[in-house]
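Top to bottom, those sequences are chains A and B.
Residue numbering for the first sequence follows my numbering, beginning at 417 and increasing consecutively.
Residue numbering for the second sequence follows my numbering, beginning at 503 and increasing consecutively.
It is possible that part of the hints are untrue.
Label pairs and their computed distance ranges (CB to CB) [unchecked claim]:
id	chain 1	residue 1	chain 2	residue 2	range
1	B	Ser509	A	Gly512	23 to 33 Å
2	B	Ser553	A	Thr493	37 to 47 Å
3	A	Ile476	B	Arg524	22 to 32 Å
4	A	Lys486	B	Ser509	34 to 44 Å
5	B	Gly518	A	Ile467	25 to 35 Å
6	A	Thr495	B	Asn558	40 to 50 Å
7	B	Ile546	A	Val468	46 to 56 Å
8	A	Gln457	B	Gln516	20 to 30 Å
9	A	Thr493	B	Gln505	21 to 31 Å
10	A	Ser423	B	Ser509	33 to 43 Å
11	A	Phe428	B	Asn547	27 to 37 Å
Read the hints as simulated data drawn from the structure, not as lab findings.
Computed from a predicted structure; not experimentally measured.
Glycine included, C-beta positions come from ideal geometry on N, C-alpha and C.
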Amino acid sequence: DGGITQSPKYLFRKEGQNVTLSCEQNLNHDAMYWYRQDPGQGLRLIYYSQIVNDFQKGDIAEGYSVSREKKESFPLTVTSAQKNPTAFYLCASMGGRGTGELFFGEGSRLTVL
Amino acid sequence: GIQVEQSPPDLILQEGANSTLRCNFSDSVNNLQWFHQNPWGQLINLFYIPSGTKQNGRLSATTVATERYSLLYISSSQTTDSGVYFCAELDTGRRALTFGSGTRLQVQP
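For reference, chain B alone in the conformation it holds in the complex (with noise of 0.2 Å):
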């Protein structure tokens, strides 16, 4: 099945600062999402970026399918960024999502 793997694992930033995260596909590029994990453990869609840049306030999304990876842009961070960030590709084989290891971001006032 498809490998996702995500970079950096773990990022540590001063609020107001800006962070690239990025996720890097072993197959091709179909159905990918971005997450952001809570601390309480909820999930929430931050996008659905098979292709191209979407943007929604702050955060911002690329997906590049042809070289099979996605960056996820924060600006401005805000202690409400932190928690867990996680990337998403469709193993098609299966019609499932299989997920990376997941960004675990930390903003400090």
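In isolation and in its complexed conformation, chain A is listed as follows (with noise of 0.2 Å):
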């Protein structure tokens, strides 16, 4: 079945250390995205993406990496320069660059210990 894959779905960190969240689809679709979500909140743009080999910072872009190297692939990687990174990570999808539905993947829960 097409979807969203995000992996892994728990994830714990030391202080200091980098990681990279993977966010694979095979809807293919031509835009991605990077949401970030605390504890009672909403959901906030970290980075997105309307086609490979470009991608656009979000509202809260700092601390945060991403590259869009292939069209089914768009991982993000948390820096030690985010001051704030336990959080939940979701990544979505949508056909039509920007004019479909969005789709989500299951999440990355990250603790930073």
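Quick one: dock chain against chain with the hints and give me the complex.
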């Protein structure tokens, strides 16, 4: 079945370490997105990409980096520069270059010890 | 960018009751979507509804694009309806969805 796969589901990290969250989709969607959710809060946009080899900063990009080398993949790296990285991270994709329906992966829960 | 306001922020219902959730938008409505986040955090698509009315079982949604709002109706609520309901609309400047802060629904048996 088509869908979005995020891994790992749970991740623990020590302060000062970088960590990369994986996001793969087989929906043939052009656009992919990363959102962050803190407990009891809504979703905030970190980075987005409308096409391969191109991506844009969202509202809270500081301390994060991404790449889009393949249409199917949009990994997110949480760097040591992110001051408060403990959060729930959601990857999503959309067809039609931002004009279609948005679909989400199951999320990755990152805890910094 | 577009602003999305959801109301009410919290809602407690007895099983079997009906409810209405609302989203207001600061800009034109083009790509409005409703989601349900379950207790495990997964976001489930409920409706893609830029305009008009749609129904899916006990849930229905209406979007009045000219007045920049959307309503989600839940009838005969069940405990499995509990969770957080989000609406989202497209920020046309960057073609990414902006989310409201959500309505946290608790359905009690």
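Tested hints:
{"no.": "1", "hint": "B/Ser509 <-> A/Gly512: 23 to 33 Å", "verdict": "30 Å, holds"}
{"no.": "2", "hint": "B/Ser553 <-> A/Thr493: 37 to 47 Å", "verdict": "39 Å, holds"}
{"no.": "3", "hint": "A/Ile476 <-> B/Arg524: 22 to 32 Å", "verdict": "26 Å, holds"}
{"no.": "4", "hint": "A/Lys486 <-> B/Ser509: 34 to 44 Å", "verdict": "41 Å, holds"}
{"no.": "5", "hint": "B/Gly518 <-> A/Ile467: 25 to 35 Å", "verdict": "48 Å, violated"}
{"no.": "6", "hint": "A/Thr495 <-> B/Asn558: 40 to 50 Å", "verdict": "41 Å, holds"}
{"no.": "7", "hint": "B/Ile546 <-> A/Val468: 46 to 56 Å", "verdict": "28 Å, violated"}
{"no.": "8", "hint": "A/Gln457 <-> B/Gln516: 20 to 30 Å", "verdict": "27 Å, holds"}
{"no.": "9", "hint": "A/Thr493 <-> B/Gln505: 21 to 31 Å", "verdict": "30 Å, holds"}
{"no.": "10", "hint": "A/Ser423 <-> B/Ser509: 33 to 43 Å", "verdict": "36 Å, holds"}
{"no.": "11", "hint": "A/Phe428 <-> B/Asn547: 27 to 37 Å", "verdict": "30 Å, holds"}
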